[in-house]
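Could you build all of it, start to finish, from the sequences and the hints given here?
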Amino acid sequence: MTNQPLPTAPLARYLLHLADDQLVMGHRNSEWTGLGPILEEDIAFSSIAQDQVGHALAFYEYLNQECGLADPDQTAFNRPESLMVSSWLVEQPIGDYAFSLVRHWCYDQAVYLRYESLSQIQDPALQALATKLRGEVKYHTFHANTWMKSLLQGSEESRLRMLTALKEVWPMALGLFESWSGEKALMEQVGHAGQPWYPGERHLQQHWQAGALESLVLWSVDVEALGLHKVEPVLGGRQGYHSEHLASMLEEMTAVFRLDPQAEW
Amino acid sequence: MPILSLDPRVNRLQVEQVPEHQPPVLVPGDHWPSYQVFHQRRRGEKHSSVGIVHAPSLEMAMAMAKEQFGRRGETSNLWVVCTADVLEMDYADEEVFRTTPSKSYRDPAGYKVNEKIDAYKAKQTP
Chain A
1 MTNQPLPTAP
11 LARYLLHLAD
21 DQLVMGHRNS
31 EWTGLGPILE
41 EDIAFSSIAQ
51 DQVGHALAFY
61 EYLNQECGLA
71 DPDQTAFNRP
81 ESLMVSSWLV
91 EQPIGDYAFS
101 LVRHWCYDQA
111 VYLRYESLSQ
121 IQDPALQALA
131 TKLRGEVKYH
141 TFHANTWMKS
151 LLQGSEESRL
161 RMLTALKEVW
171 PMALGLFESW
181 SGEKALMEQV
191 GHAGQPWYPG
201 ERHLQQHWQA
211 GALESLVLWS
221 VDVEALGLHK
231 VEPVLGGRQG
241 YHSEHLASML
251 EEMTAVFRLD
261 PQAEW
Chain B
1 MPILSLDPRV
11 NRLQVEQVPE
21 HQPPVLVPGD
31 HWPSYQVFHQ
41 RRRGEKHSSV
51 GIVHAPSLEM
61 AMAMAKEQFG
71 RRGETSNLWV
81 VCTADVLEMD
91 YADEEVFRTT
101 PSKSYRDPAG
111 YKVNEKIDAY
121 KAKQTP
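Just so you know, the sequences run in chain order A and B. Using the numbering used here, you'd call the opening residue of the first sequence number 1 and step up by one each time. Using the numbering used here, you'd call the opening residue of the second sequence number 1 and step up by one each time.
No lab work stands behind these hints, which were simulated from the structure alone. There's no promise every hint is true.
As the list claims (entries may be wrong) - Restricting the straight-line Cα-Cα distance to at most 20 Å, the calculated cross-link-like pairs of lysine to aspartate or glutamate (EDC-like) are:
no.	chain 1	residue 1	chain 2	residue 2
1	A	Lys138	B	Glu67
2	A	Lys149	A	Glu168
3	A	Lys132	A	Glu66
4	A	Lys167	A	Glu156
5	A	Lys149	A	Asp42
6	A	Lys167	A	Glu214
7	A	Lys167	A	Glu157
8	A	Lys138	A	Asp51
9	B	Lys66	A	Glu136
10	A	Lys138	A	Glu214
11	A	Lys132	B	Glu67
12	A	Lys167	A	Glu178
13	A	Lys167	A	Asp96
14	A	Lys138	B	Glu74
15	A	Lys149	B	Glu59
16	A	Lys138	A	Asp42
17	B	Lys66	B	Glu45
18	A	Lys149	A	Asp222
19	A	Lys132	B	Glu74
20	A	Lys149	A	Glu224
21	A	Lys132	A	Glu61
22	B	Lys66	A	Asp42
23	A	Lys230	A	Glu214
24	A	Lys167	A	Glu232
25	A	Lys184	A	Asp123
26	B	Lys66	A	Asp51
27	A	Lys138	B	Glu59
See below:
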């Protein structure tokens, strides 16, 4: 295993958060392939998973070319758990479809906000990348919103299952916005419009939460009764502390790679 | 009679108000209805029928259609239409098309003028 230390440059570290989240989320979502509730949804959800792995690759490539990290395959498949900086939310097993949908809804809205901010960065290559990837995530949020709305307003059972999943997902969704060491430095970086492009985790969380709660209220979810306002975030992922689920997932994900780590693919 | 439109023809015809689309009501065990998908490659071009998706609502049909038909190749827009809303001709009536005799005179290709043009050109050439 490469024991390449985590990048210290704030931008590289931030992009690694994004990339690791996308890789782990994409891998988890791909576990639904062939098991989706109906054919059309199986294809849609698998395609979203594929997008996510593709986004991870795009960031690993940038990190390799511009920030001196190992090549994308090594970075993705040859790192110990303690050097993965993905959040707890994405590493959780897929659970039932309600859990995976609610997670997808929470997660992709957060990604959309991050891409929106990243598209304001000075570096033209990253700016173009973020703008392009944002289009795909816009569809992800449309897909997620459509399911959330249908199932929250569907039958008594579908609503109950979605609410249960919401309660389970929410603390980990808040953990997506864990503060990290290079945050302040990155917040001072000026974007292409002469303004800072990265608002910081606190701000992103507030923005995300306001949007998510507004939608839930629209779908007649009593967010106070659900206790969403007094939930503590689940933290640790950005510092390499993970739940028990990441190690087993990585073992499965990297099984083929480990047969011959130096193979040319 | 209420005035439906400023166009007197609409009022004369007494066209019924078209009810807003409601997806069919399903009972357990039913299949979801199918939706026809129309794909537009570039703005300004026509939307062409490309296939169907099954979905519980128009909105969900669109979410599915995007992945089935808008994922590969160029796409600028999609339409989805509930199949039940499409009025289809009965195949038993296919003969209405068959009885039409050749009416090539309605078509520019029906006019054989090339021989005349060639003759004219030949006459012009010294």
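Okay, the hints, checked on the actual structure:
1. With a C-alpha separation of about 13 Å, the suggested pairing of lysine 138(A) with glutamate 67(B) holds against the 20 Å cut-off.
2. Annotation: proposed proximity of lysine 149(A) to glutamate 168(A) holds, straight-line Cα distance about 18 Å (limit 20 Å).
3. Restraint check: the Cα-Cα separation between lysine 132(A) and glutamate 66(A) comes to about 19 Å, which is no more than 20 Å; the hinted pair holds.
4. For the given pair, lysine 167(A) sits about 17 Å from glutamate 156(A) by alpha-carbon distance, which is consistent with the 20 Å threshold.
5. Distance hint between lysine 149(A) and aspartate 42(A) is fulfilled; the C-alpha atoms sit about 19 Å from each other, no more than 20 Å.
6. In summary, the hint linking lysine 167(A) to glutamate 214(A) is supported, as the alpha carbons are separated by about 16 Å, within the 20 Å threshold.
7. Restraint check for lysine 167(A) and glutamate 157(A): satisfied, since their Cα atoms lie roughly 16 Å apart, inside the 20 Å limit.
8. Between the alpha carbons of lysine 138(A) and aspartate 51(A) the distance comes to roughly 12 Å, so the proposed pair stays at or under 20 Å and holds.
9. For the suggested pair lysine 66(B) and glutamate 136(A), the alpha carbons sit about 11 Å apart, so the restraint of at most 20 Å is met.
10. Between lysine 138(A) and glutamate 214(A) the CA atoms are separated by roughly 18 Å; this keeps the pair inside 20 Å, and the hint holds.
11. For a cut-off of 20 Å, the pair hint linking lysine 132(A) to glutamate 67(B) stands: about 17 Å separates their Cα positions.
12. For the hint pairing lysine 167(A) with glutamate 178(A), the CA-to-CA distance comes to about 19 Å; that is within 20 Å, so the pair holds.
13. Distance hint between lysine 167(A) and aspartate 96(A) is fulfilled; the C-alpha atoms sit about 14 Å from each other, no more than 20 Å.
14. A distance of roughly 18 Å separates the Cα atoms of lysine 138(A) and glutamate 74(B); the hinted pair therefore holds under the 20 Å criterion.
15. In summary, the hint linking lysine 149(A) to glutamate 59(B) is supported, as the alpha carbons are separated by about 10 Å, within the 20 Å threshold.
16. Using a Cα cut-off of 20 Å, the hinted pair lysine 138(A) and aspartate 42(A) holds, with the two alpha carbons roughly 19 Å apart.
17. Between the alpha carbons of lysine 66(B) and glutamate 45(B) the distance comes to roughly 18 Å, so the proposed pair stays at or under 20 Å and holds.
18. Our distance criterion of 20 Å between C-alpha atoms is met by lysine 149(A) and aspartate 222(A), whose separation comes to about 14 Å.
19. With a C-alpha separation of about 15 Å, the suggested pair lysine 132(A) and glutamate 74(B) falls inside the 20 Å cut-off, and the hint holds.
20. Restraint check: the Cα-Cα separation between lysine 149(A) and glutamate 224(A) comes to about 19 Å, which is no more than 20 Å; the hinted pair holds.
21. A hinted pair counts as satisfied when its Cα atoms are at most 20 Å apart, and lysine 132(A) with glutamate 61(A) qualifies at roughly 15 Å.
22. Among the hinted pairs, lysine 66(B) with aspartate 42(A) is consistent with the structure: their alpha-carbon atoms are about 13 Å apart, no more than 20 Å.
23. For the proposed pair lysine 230(A) and glutamate 214(A), the alpha carbon gap of about 17 Å is at most 20 Å, so the pair holds.
24. Pair hint lysine 167(A) plus glutamate 232(A) holds up; C-alpha atoms about 12 Å apart against a cutoff of 20 Å.
25. Annotation: proposed proximity of lysine 184(A) to aspartate 123(A) holds, straight-line Cα distance about 19 Å (limit 20 Å).
26. A C-alpha spacing of about 14 Å is found between lysine 66(B) and aspartate 51(A), which places the hinted pair at or below 20 Å, so the restraint holds.
27. Annotation: proposed proximity of lysine 138(A) to glutamate 59(B) holds, straight-line Cα distance about 15 Å (limit 20 Å).
Every hint, counting from the list given before, is met by this structure.
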